[in-house]
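Engineer: Okay, here's what each chain looks like letter by letter:
Protein chains: 2
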Amino acid sequence: MPSFFSKRDLHFNLYELLKVEQLTSYDYFQDHDRQSFDMVLDAAEQIANKMLHPLLTEMDRKEPQLMDGTIRVHEGMKAITKRFGEDGWINATFSYDEGGQQLPVTVQNAAAFIFQAANYSASVYPFLTTGAANLIRSFGSKELIEQYTPLMYSGRWQGTMALTEPNAGSSLSDISTAAEPTSEEGVYKITGQKIFISCGDHDACENIVHLLLAKIKGGPAGTKGISLFVVPKKRITENGHTNNGVTTAGVYHKMGYKGAPIAHLMFGSDETCLGYLVGEPHKGLTYMFQMMNEARVGVGMNATAIGTAAYYASLAYAKERPQGRPITAKDPTQPQTLIVHHADVKRMLLFQKSVVEGALSLLLQCGLWADLAHVTEGEAKERAELLLDLLTPVAKSYPSEMCCQTTSAAVQILGGAGYTTDFPVEQYYREARIHPIHEGTTGIHGLDLLGRKLTLHGGKGLQYLMEEIKNTIAEAKQSDQPQLLDLAARLEGALERVQTVTTSLLNLAKQDKELFLADATLYLDFFGIVTIAWQWLKQAIQAQKGLMMTNSEENRNFYQGKVATANYFFDYELVKISSLALRLTSHTKGTVEMQPDWF
Amino acid sequence: MPSFFSKRDLHFNLYELLKVEQLTSYDYFQDHDRQSFDMVLDAAEQIANKMLHPLLTEMDRKEPQLMDGTIRVHEGMKAITKRFGEDGWINATFSYDEGGQQLPVTVQNAAAFIFQAANYSASVYPFLTTGAANLIRSFGSKELIEQYTPLMYSGRWQGTMALTEPNAGSSLSDISTAAEPTSEEGVYKITGQKIFISCGDHDACENIVHLLLAKIKGGPAGTKGISLFVVPKKRITENGHTNNGVTTAGVYHKMGYKGAPIAHLMFGSDETCLGYLVGEPHKGLTYMFQMMNEARVGVGMNATAIGTAAYYASLAYAKERPQGRPITAKDPTQPQTLIVHHADVKRMLLFQKSVVEGALSLLLQCGLWADLAHVTEGEAKERAELLLDLLTPVAKSYPSEMCCQTTSAAVQILGGAGYTTDFPVEQYYREARIHPIHEGTTGIHGLDLLGRKLTLHGGKGLQYLMEEIKNTIAEAKQSDQPQLLDLAARLEGALERVQTVTTSLLNLAKQDKELFLADATLYLDFFGIVTIAWQWLKQAIQAQKGLMMTNSEENRNFYQGKVATANYFFDYELVKISSLALRLTSHTKGTVEMQPDWF
Numbered sequence: 001m002p003s004f005f006s007k008r009d010l011h012f013n014l015y016e017l018l019k020v021e022q023l024t025s026y027d028y029f030q031d032h033d034r035q036s037f038d039m040v041l042d043a044a045e046q047i048a049n050k051m052l053h054p055l056l057t058e059m060d061r062k063e064p065q066l067m068d069g070t071i072r073v074h075e076g077m078k079a080i081t082k083r084f085g086e087d088g089w090i091n092a093t094f095s096y097d098e099g100g101q102q103l104p105v106t107v108q109n110a111a112a113f114i115f116q117a118a119n120y121s122a123s124v125y126p127f128l129t130t131g132a133a134n135l136i137r138s139f140g141s142k143e144l145i146e147q148y149t150p151l152m153y154s155g156r157w158q159g160t161m162a163l164t165e166p167n168a169g170s171s172l173s174d175i176s177t178a179a180e181p182t183s184e185e186g187v188y189k190i191t192g193q194k195i196f197i198s199c200g201d202h203d204a205c206e207n208i209v210h211l212l213l214a215k216i217k218g219g220p221a222g223t224k225g226i227s228l229f230v231v232p233k234k235r236i237t238e239n240g241h242t243n244n245g246v247t248t249a250g251v252y253h254k255m256g257y258k259g260a261p262i263a264h265l266m267f268g269s270d271e272t273c274l275g276y277l278v279g280e281p282h283k284g285l286t287y288m289f290q291m292m293n294e295a296r297v298g299v300g301m302n303a304t305a306i307g308t309a310a311y312y313a314s315l316a317y318a319k320e321r322p323q324g325r326p327i328t329a330k331d332p333t334q335p336q337t338l339i340v341h342h343a344d345v346k347r348m349l350l351f352q353k354s355v356v357e358g359a360l361s362l363l364l365q366c367g368l369w370a371d372l373a374h375v376t377e378g379e380a381k382e383r384a385e386l387l388l389d390l391l392t393p394v395a396k397s398y399p400s401e402m403c404c405q406t407t408s409a410a411v412q413i414l415g416g417a418g419y420t421t422d423f424p425v426e427q428y429y430r431e432a433r434i435h436p437i438h439e440g441t442t443g444i445h446g447l448d449l450l451g452r453k454l455t456l457h458g459g460k461g462l463q464y465l466m467e468e469i470k471n472t473i474a475e476a477k478q479s480d481q482p483q484l485l486d487l488a489a490r491l492e493g494a495l496e497r498v499q500t501v502t503t504s505l506l507n508l509a510k511q512d513k514e515l516f517l518a519d520a521t522l523y524l525d526f527f528g529i530v531t532i533a534w535q536w537l538k539q540a541i542q543a544q545k546g547l548m549m550t551n552s553e554e555n556r557n558f559y560q561g562k563v564a565t566a567n568y569f570f571d572y573e574l575v576k577i578s579s580l581a582l583r584l585t586s587h588t589k590g591t592v593e594m595q596p597d598w599f
Numbered sequence: 001m002p003s004f005f006s007k008r009d010l011h012f013n014l015y016e017l018l019k020v021e022q023l024t025s026y027d028y029f030q031d032h033d034r035q036s037f038d039m040v041l042d043a044a045e046q047i048a049n050k051m052l053h054p055l056l057t058e059m060d061r062k063e064p065q066l067m068d069g070t071i072r073v074h075e076g077m078k079a080i081t082k083r084f085g086e087d088g089w090i091n092a093t094f095s096y097d098e099g100g101q102q103l104p105v106t107v108q109n110a111a112a113f114i115f116q117a118a119n120y121s122a123s124v125y126p127f128l129t130t131g132a133a134n135l136i137r138s139f140g141s142k143e144l145i146e147q148y149t150p151l152m153y154s155g156r157w158q159g160t161m162a163l164t165e166p167n168a169g170s171s172l173s174d175i176s177t178a179a180e181p182t183s184e185e186g187v188y189k190i191t192g193q194k195i196f197i198s199c200g201d202h203d204a205c206e207n208i209v210h211l212l213l214a215k216i217k218g219g220p221a222g223t224k225g226i227s228l229f230v231v232p233k234k235r236i237t238e239n240g241h242t243n244n245g246v247t248t249a250g251v252y253h254k255m256g257y258k259g260a261p262i263a264h265l266m267f268g269s270d271e272t273c274l275g276y277l278v279g280e281p282h283k284g285l286t287y288m289f290q291m292m293n294e295a296r297v298g299v300g301m302n303a304t305a306i307g308t309a310a311y312y313a314s315l316a317y318a319k320e321r322p323q324g325r326p327i328t329a330k331d332p333t334q335p336q337t338l339i340v341h342h343a344d345v346k347r348m349l350l351f352q353k354s355v356v357e358g359a360l361s362l363l364l365q366c367g368l369w370a371d372l373a374h375v376t377e378g379e380a381k382e383r384a385e386l387l388l389d390l391l392t393p394v395a396k397s398y399p400s401e402m403c404c405q406t407t408s409a410a411v412q413i414l415g416g417a418g419y420t421t422d423f424p425v426e427q428y429y430r431e432a433r434i435h436p437i438h439e440g441t442t443g444i445h446g447l448d449l450l451g452r453k454l455t456l457h458g459g460k461g462l463q464y465l466m467e468e469i470k471n472t473i474a475e476a477k478q479s480d481q482p483q484l485l486d487l488a489a490r491l492e493g494a495l496e497r498v499q500t501v502t503t504s505l506l507n508l509a510k511q512d513k514e515l516f517l518a519d520a521t522l523y524l525d526f527f528g529i530v531t532i533a534w535q536w537l538k539q540a541i542q543a544q545k546g547l548m549m550t551n552s553e554e555n556r557n558f559y560q561g562k563v564a565t566a567n568y569f570f571d572y573e574l575v576k577i578s579s580l581a582l583r584l585t586s587h588t589k590g591t592v593e594m595q596p597d598w599f
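From first to last, the protein sequence lines are chains R and U. Take the first sequence: its letters are residues 1 to 599, numbered as in full-length UniProt numbering. Take the second sequence: its letters are residues 1 to 599, numbered as in full-length UniProt numbering.
Just so you know, these hints were derived from the structure itself, not from any lab. Hints may contain errors.
Quick partial rundown of chain R residues pointing at chain U, CB under 10 Å, derived from the structure [unchecked claim]:
| hint | residue |
| --- | --- |
| 1 | K7 |
| 2 | S170 |
| 3 | T421 |
Below, computed lysine-lysine pairings styled on DSS-like, alpha-carbon distance capped at 27 Å [to be verified]:
| hint | chain 1 | residue 1 | chain 2 | residue 2 |
| --- | --- | --- | --- | --- |
| 4 | R | K589 | U | K576 |
| 5 | R | K576 | U | K142 |
| 6 | R | K283 | U | K330 |
| 7 | U | K319 | R | K513 |
| 8 | R | K62 | U | K62 |
| 9 | U | K545 | R | K589 |
| 10 | R | K319 | U | K477 |
| 11 | R | K330 | U | K283 |
| 12 | R | K189 | R | K142 |
| 13 | R | K513 | U | K510 |
| 14 | U | K545 | R | K330 |
| 15 | U | K62 | R | K589 |
| 16 | R | K510 | U | K330 |
| 17 | U | K510 | U | K589 |
| 18 | R | K589 | U | K330 |
| 19 | R | K470 | R | K460 |
| 20 | U | K460 | U | K513 |
| 21 | U | K576 | R | K513 |
| 22 | U | K330 | R | K217 |
| 23 | U | K545 | U | K224 |
| 24 | R | K330 | U | K217 |
| 25 | U | K589 | R | K330 |
| 26 | R | K224 | U | K330 |
| 27 | R | K142 | R | K330 |
| 28 | U | K319 | R | K589 |
| 29 | R | K224 | R | K142 |
| 30 | R | K576 | U | K589 |
Glycine included, each C-beta is placed from N, C-alpha and C at the ideal position.
Pulled out of the complex, with its shape left as it was, chain R reads as follows (with noise of 0.2 Å):
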């Protein structure tokens, strides 16, 4: 079986990246060490090896069926689920209070990439528990809190996000499930539907915990009149449990990600169904953002473990396979080489690696400033949190759009048998495909970056990130390294290209808004691009150092990889904001002026 992730490349990251030890400086981390952190990675390890990773064929073979009104999914669910919770990996990061092991958000999603590398749909599962229950004690009442978030964290219960409808997909203010009050405070009657519900309904655990949207009647229109209710499958009597009306209507076939559950629900169709309002009544939206801006890097995070199981996939295979000649040496007689010595594939896999591992210190970037945003206060909190506001619409599209073509050339590295189901790299390549749909389309997340987020706090987020890139390039400068003031002195240019656009397309806003925002996808990715360089000279800026302290042959081979990568980076993806930024200055209205009849 060959590797679907690099353990190496977690701890280069976590220690030498991110330095992440230091957290345990902070009172609510101090009983953390460097070795606990080890210690949680090789649990993950073991239980993603020998639970997670042997199902991953299966799972997508043998989908979930609705029968008799349950949807059942693969049966090895029901002992990973319950393993979930029994260690801990529901609550890791909340309070000892709350039965958690206070663990760094950033250690935590080291651990939980790992999952997602080995069998992406089982990884769903105890994840979406996390954010729901999360929702619930962060918002909830003490009893919406004590009565739900301990089933919960044991993994005996499953949470998830119900926001989707079926005239509500993207516009969330078009939502039409509606919650009457009753006589009891807080107790409201739901009546509506649901749809691509993940983990909606399934047979491996006892209860189902929605966090829905909701209007309560004669609430305001659009989302301003959204509340956030708790509604069980199974609520909570005197007596124990009794059926809550909710209905699963059909469960979803899809392309990819088969091992998980997609549901349609019926609220309140045939039964009583009862919700359950957290926090104030209409506030539902911004309490939901919680869990939505956390599955937004959640998101991410699986398009890349996704992506690295690929490229590992791919690169095992390079590695074995002989085929064709040197371009400098033809002879039919000598015996051929292995693939990993073309330069076609060696391209392949570079482009692999500098996506996966660009976006994978990114998105670990992210958990270090949700961490410092809990524990930091003043500027250094609101540093921490305007950095992940602002590149969330990045973590989350970046690798999810790439992670696309990343496993796409996964599959071309092998050839034909890429596109058999001998290989997982066909399923890599299906499951990849979901990310850029779920938890906000990237052409939403275009909109949000370029249309909310550049401007939020009188752009105090793009200052920050700013100086962070600048701070990288200094200390890149400080270096005698002639490719590090190379690429330093790249993304210095590329900084100037995003200043350029970024003004250009300002100041259009002011014009003609929906020409502004009309190529905010793009925007997007070349916004994305430079992200990940910065990501890059960061990772050989350590990489440099790590060479000139290193004997070990397997050291220098990893810094000479980043080296060799963040090379690649430079002149094969950050190339691309040359005709990007032609684009985004042109202004030409071609696809707002397009008529539907012309199509």
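Got chain R sorted already, so can you dock chain U onto it with the hints?
Structural biologist: Same frame as chain R, but now just chain U:
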């Protein structure tokens, strides 16, 4: 059912762009006229609508299975195969003497495109038989022609191309299937195995005729020792037919393209397997290139057809699905707008339209060159042959690579629905992915273009292409349309870039051959974009003429769409050459110098 292709666009290509009726001035095509061409397309449309498209989804879900030594395909294929034979589709372009209709390849390809867009898998069966029969009639003995081709034309016997082996995928010089002479002249004993053989075995025909590459024992090493054989599954005897020692070892299970059976075959492993030499010994690869070149243009057409079907599926959805509101009118009390009005959705539709219609016009142009090469002499013939030869890697690879992206855009337009099996776009996405792999991977075609075709015949092919493009630019410049003048100027700039980049690379070839070819795939991409931009300038010129001559609203919409899409291609796609040119002229050695241990 949304339509899956545009007959209007086929007519535009055949009659307005290519003026294919002019072929009827040549003797070979003299019995045809526009009316007979129209009838061919109408007949194809009828079969596509009634027989092929209805089985699209079902053939994906009920994949071929190997049972009792034979691959069982969807039962509907029997009627389809029969119909293709009876209606003369397999040998339509061949001479009257051969039972054909002397139909221009251009028109035949347009009809095949309709079949492919309706149901790619089903369209493959007759296409392979045509190619195999064409090899026999071109290079085989009179006896072989008489014995095999009539039953192939009738659809009763399936033809294949049997090249790939377990240890020789892209590297044909390494095939090891052996041919040992028997006492009978031209008859050889075949032993070996072949993998990935499309339609290599199935139960919707009476016999399978493999056009197989093997090495005659004692022949030269490498590609110079390859010979071509007819190897039937059942060989012809005095009393009828007998098994010929061809065993089906397996059928591949694949990500898509599931309706066509891809076989792993053993020759001569149990019983004697006889092969009949086609043409002279050791010339097999040269012969096979006739079928491979046809198949390569065919693969480009397949990719384009799938991309076209996905485009129309996503267009139909975009015109029906209300979601969200205009950027400048967000009032949630107002009804939602159709997503076709969102600039980002229009961008994704224009992207698809620009790629698939740009590729289609190049592919039909290739068909016309094939026809002209057939019926003309002297320089006209040479021009047609060299242009077709030069652009075959582009015609194969540009649509193959890009339709992975366009079908992805189709999925994205449908959002979550696009990821489910409730809509056909996820199938199109899976089916598109085979094309960058089979009939030579994109990497192989990059090497073919940059390392061979550019400089072949003293660079005459490239010279002819430049003349053609410059003629188009000159025609645009003669108009008084500012849009055409603008596009012409931009294409002129792009041509200068092709010149600069090509010169830079060819100079490098003298110093460092490995580095010269290291980014050949990117050069192919670069060259392909400029080629398609040329096709779009041709289309825009013709559309502007059309706009001046028509009063019908439908025609106006059609031509406006063409002009808008040409602009889109130049604004969003042609700009990509800036970044590619930067990469292709920098000559850094990152991929060449990358070491396997650094990954």
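Engineer: Each hint: holds or not?
Structural biologist: Verification of the hints:
With 10 Å as the threshold, the beta carbon of K7(R) stays out of range of chain U, its nearest partner Cβ sitting at about 15 Å, so the hint is violated. Hint status for S170(R) relative to chain U: holds, with the closest Cβ pair at about 6 Å, below 10 Å. This hint holds: T421(R) has a C-beta 4 Å from the nearest C-beta of chain U, less than the 10 Å allowed. With a C-alpha separation of about 18 Å, the suggested pair K589(R) and K576(U) falls inside the 27 Å cut-off, and the hint holds.
With a C-alpha separation of about 56 Å, the suggested pairing of K576(R) with K142(U) is violated against the 27 Å cut-off. For the suggested pair K283(R) and K330(U), the alpha carbons sit about 20 Å apart, so the restraint of at most 27 Å is met. Simply put, K319(U) and K513(R) have alpha-carbon atoms about 23 Å apart, close enough for the 27 Å limit, and the pair holds. About 16 Å separates the Cα atoms of K62(R) and K62(U), which keeps this hinted pair within 27 Å; it holds.
Proposed proximity of K545(U) and K589(R) is supported: the alpha carbons are some 23 Å apart, at most 27 Å. Our distance criterion of 27 Å between C-alpha atoms is broken by K319(R) and K477(U), whose separation comes to about 53 Å. Distance restraint check for K330(R) and K283(U): the Cα-Cα separation of roughly 20 Å lies within the 27 Å cut-off, and the hinted pair is therefore satisfied. Taking the CA atoms of K189(R) and K142(R), the gap is about 21 Å. The hint holds against a cut of 27 Å.
Taking the CA atoms of K513(R) and K510(U), the gap is near 53 Å; set against the 27 Å cutoff, the hint is violated. A C-alpha spacing of about 52 Å is found between K545(U) and K330(R), which places the hinted pair above 27 Å, so the restraint is violated. Of the pairs offered as hints, the one joining K62(U) and K589(R) is violated, with about 46 Å between alpha carbons and a cut-off of 27 Å exceeded. About 17 Å separates the Cα atoms of K510(R) and K330(U), which keeps this hinted pair within 27 Å; it holds.
Among the hinted pairs, K510(U) with K589(U) is consistent with the structure: their alpha-carbon atoms are about 16 Å apart, no more than 27 Å. Our distance criterion of 27 Å between C-alpha atoms is met by K589(R) and K330(U), whose separation comes to about 21 Å. For the proposed pair K470(R) and K460(R), the alpha carbon gap of about 15 Å is at most 27 Å, so the pair holds. A C-alpha spacing of about 22 Å is found between K460(U) and K513(U), which places the hinted pair at or below 27 Å, so the restraint holds.
Taking the CA atoms of K576(U) and K513(R), the gap is about 26 Å. The hint holds against a cut of 27 Å. With a C-alpha separation of about 22 Å, the suggested pair K330(U) and K217(R) falls inside the 27 Å cut-off, and the hint holds. Taking the CA atoms of K545(U) and K224(U), the gap is near 51 Å; set against the 27 Å cutoff, the hint is violated. At most 27 Å may separate the alpha-carbon atoms for a hinted pair to count; K330(R) and K217(U) meet this at roughly 22 Å.
Between K589(U) and K330(R), the direct Cα distance comes to roughly 21 Å. Compliance with the 27 Å bound is thereby established for this hinted pair. Of the pairs offered as hints, the one joining K224(R) and K330(U) holds, with about 13 Å between alpha carbons and a cut-off of 27 Å not exceeded. Distance hint between K142(R) and K330(R) is unfulfilled; the C-alpha atoms sit about 74 Å from each other, more than 27 Å. Proposed proximity of K319(U) and K589(R) is supported: the alpha carbons are some 21 Å apart, at most 27 Å.
In summary, the hint linking K224(R) to K142(R) is supported, as the alpha carbons are separated by about 25 Å, within the 27 Å threshold. Distance check on the hinted pair: K576(R) and K589(U) sit about 18 Å apart at the alpha-carbon level, within 27 Å; holds.
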